[in-house]
Amino acid sequence: MSKEPIAVVGVGQTKHTAARRDVSIAGLVREAAVRALEDAQLTWADIDAVVIGKAPDFFEGVMMPELYLADALGAVGKPMLRVHTAGSVGGSTALVAANLVAARVHRTVLTLAFEKQSESNAMWGLSLPIPFQQPLLAGAGGFFAPHVRAYMRRTGAPPTIGSLVAYKDRRNALRNPYAHLHEQDLTLEKVQSSPMLWDPIRYSETCPSSDGACAMVLTDRAGAARAPAPPAWVHGGAMRSEPTLFAGKDFVSPLAGKDCAADVYRQAGITDPRREIDAVEMYVPFSWYEPMWLENLGFAAEGEGWKLTESGVTEIDGDLPVNPSGGVLSTNPIGASGMIRFAEAALQVRGQAGEHQVEGARKALGHAYGGGSQFFSMWLVAAEPPVG
Amino acid sequence: MNPRHVAIVAFAQTRHRRRSAELSEVEMLMPVLHEVLGAVGLRTGEIDFTCSGSSDYLAGRAFSFTMALDGVGAWPPISESHVEMDGAWALYEAWVKLLAGEAETALVYSYGKSSPGELRDVLTRQLDPYYLAPLWPDPVSLAALQAQALIDEGATDERALAGVAARSRGAAEHNPHAQLAGSAAPDALLEDPYLVRPLRRHDCPPIGDGAAAVVLAAGDTARRLCPRPAWIRGMDHRIEAHALGVRDLTRSPSTRLAAHNAGLFDDAAAPVDTAELHAPFTSQEVILRRELELGEGVRVNPSGGALAANPMMAAGLIRLGEAAARIHRGDSDRAVAHATSGPCLQHNLVAVLEGERAVKTEREEGA
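Keeping their order, the protein sequence lines are chains G and Y.
For the first sequence, our numbering begins at 1 and goes up steadily by one.
For the second sequence, our numbering begins at 389 and goes up steadily by one.
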């Protein structure tokens, strides 16, 4: 028996910001959930199950917070699942929810991811104490900077590429009312002269710490037929994982990422991603990860990703717009960041991305990764329902 | 409903212990993974989907599950997911994956080491962070509230609760994996002082370290891997409100609804002969028996249940595994397995498992 087609009929986000002191954790997630329900013109009673995701519980200091959030998310009397796959969790959460529809276990599912980073300190939450790991790292940037340097050495990319990505994404964010950073007077020169944090990653090439939540309503074919606005249809979705550290691991272009993309393209019938995909929301927490992922995801040949960035192909009006929403570089409620990528891809193919809409977007890729470049989740959404 | 049939085809667990300071979580888990994969003759790379359950708050570090994944041997890369929940819910996620036709086999594992911290303190961090957690009410105190409500209602008494403890730990004498086995007679147990009134030490689960794993398979693959697969006839889970003040603690409507949706009350089906209930406290078994309408003929917790071993994040998965293992061995034809999460049975999962013989009988009757 074939799987039930999955439609995204509702998307909701909070205004992402450094600290949402006006709301509790419950208030934050409810805000996104209510917006997703309003977008779908559905009520809590229409939801069969809730699938929630977030990154480590230490970020808020609440163990398994979904237990406490059951009431706020209308989950009482319903199934509630809590996913945690590191930084990729927002994407994984959406895929777990999508599977409930695909398997016809449920018809309409609310999926949500959040992080309220102001409740604690993510950088030190991510700095693992001895004896678990050598005390060499301070935050995620300390982990990823050496891999960026490896990419630069391997490809010979000019040192300015990272700043181009950051400048593009931060300008795209000005078109997105939900984005955390709205740096009206940012210039390329300011990016390039911002303080060096983890060489070669500068302050303005680094994601912010955000409070925020993102929610989506996923439903079946019948649910999509009743939707008030055009849905986004899921044409493919996959997760892949590989170990954190081992001899032979390619941190610059991990095999798990390549495999995950290949699986999604196979499901969606994509043979030439560069030509067939109209917009990409990829997880770029540090600027250089745009060219790195362009290669890993098959949009550019190995060593060529930076050329797409340099030539403006990834600009919002370019041939392959990447992160028209402003991306993780402009908004990073860690646990939600992956789901925001998935949701923004859906908004693009629904034609509902507002000021940052990519004209004529029919197919879009949402991408998330996490851990030590080891967890990947992706989906491909389209304006048309899947064939068959 | 979905025509695909999924079964638990193998189960393994550690010998649960109060402390395992000499072992990392990966070292604790590895033998269990080898055992469960060995039982079906598969390697990690031959499993279509892997899903695990664990908690960073027990490990005391963020992303603790990544270390376990390194132990699984996720190379070449694998299709994999993780829930910050008991492994029973990892099994649920994997079951859905198989139902969707995206996998034929799945490895599910979970583990928890409670020994490095003070579990009663750690679990208070699971409560509403604004109104409840600042008061640090520990799980034993909350369970005592529940037990007292049950006694006040006349549904049980301290003597009956001691009977649950004695029966469970007596049963555990036949379970080589149990942390606690053997018990004094109920009357002798009642001579002990209260831990938190009305609960005595025997009413509470042991604190310990442990891991468990199962392999799921669909259709003919399951038949190939296991002489008598434990078919999952139905599975559902439901959550209740978090605030204890808005719940009737003597009832578990979420368990009842999940059981209904899992097909436990189907008139056409044979009654269950076995129940593996995740009732860490004696009083919770009383509640669950009532909601699941378990009669006298049902063997409840032949493994000893959570009163014999309650490794956090694994104890729920172990209930499903124990029930399945009885079907594998031919000791049961139809069993119900239950897992719980959160304070005072907030979140409950129920699965109905069946051996093949019972199914044939059913089909013959239907024909």
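Treat the hints as calculated values from the structure; they're not laboratory data.
One thing to keep in mind: the hints can contain errors.
Stated by the list, open to error - Covered stretches of chain Y (chain G as the covering partner; in silico rule of three or more C-beta atoms under 8 Å from a C-beta of chain G):
#1 445-451
#2 619-629
As the list claims (entries may be wrong) - Pulled from the structure, derived: some chain Y residues nowhere near chain G, Cβ distances all over 12 Å:
#3 ALA427
#4 GLY459
#5 GLU490
#6 ARG555
#7 PRO564
#8 ALA576
#9 ARG585
#10 PRO594
#11 ASP608
#12 SER642
#13 GLU681
#14 ARG687
#15 GLU744
Ideal placement from N, C-alpha and C gives every residue a C-beta, glycine not left out.
To see whether the hints hold, each was checked on the structure:
1. With a threshold of 8 Å between beta carbons, the proposed coverage of the segment 445-451 of chain Y by chain G holds, since 4 of its residues qualify and at least three are required.
2. For the segment 619-629 of chain Y, the proposed coverage by chain G is satisfied: 6 residues have a C-beta within less than 8 Å of a C-beta in that chain, meeting the threshold of three.
3. Chain G leaves ALA427 (chain Y) outside its interface by the beta-carbon criterion, the shortest separation being 23 Å against a cut-off of 12 Å.
4. Under the 12 Å C-beta cut-off, the non-interface status given to GLY459 (chain Y) relative to chain G is violated; the minimum distance is some 9 Å.
5. Annotated as non-interface, GLU490 (chain Y) brings its C-beta within 12 Å of a C-beta of chain G; the closest such distance is 7 Å.
6. The beta carbon of ARG555 (chain Y) sits about 30 Å from the closest Cβ of chain G, which is more than 12 Å, so the claim that it is off the interface holds.
7. Every C-beta of chain G lies more than 12 Å from that of PRO564 (chain Y), the closest at about 31 Å, which supports listing it as non-interface.
8. The claim that ALA576 (chain Y) lies off the interface holds: its Cβ sits roughly 37 Å from the closest Cβ of chain G, which is beyond the 12 Å cut-off.
9. Its beta-carbon lying about 26 Å from the closest one in chain G, ARG585 (chain Y) satisfies the requirement of being farther than 12 Å from that chain.
10. Every C-beta of chain G lies more than 12 Å from that of PRO594 (chain Y), the closest at about 20 Å, which supports listing it as non-interface.
11. The beta carbon of ASP608 (chain Y) sits about 15 Å from the closest Cβ of chain G, which is more than 12 Å, so the claim that it is off the interface holds.
12. Its beta-carbon lying about 7 Å from the closest one in chain G, SER642 (chain Y) breaks the requirement of being farther than 12 Å from that chain.
13. At roughly 19 Å from the closest C-beta of chain G, the C-beta of GLU681 (chain Y) stays outside 12 Å, upholding its exclusion from the interface.
14. With a least CB separation of 28 Å from chain G, ARG687 (chain Y) remains clear of the 12 Å interface cut-off, as annotated.
15. Listed as a non-interface residue, GLU744 (chain Y) keeps its Cβ farther than 12 Å from every Cβ of chain G; the least gap is roughly 22 Å.
When each numbered hint is compared with the structure, violations occur for hints 4, 5, 12.
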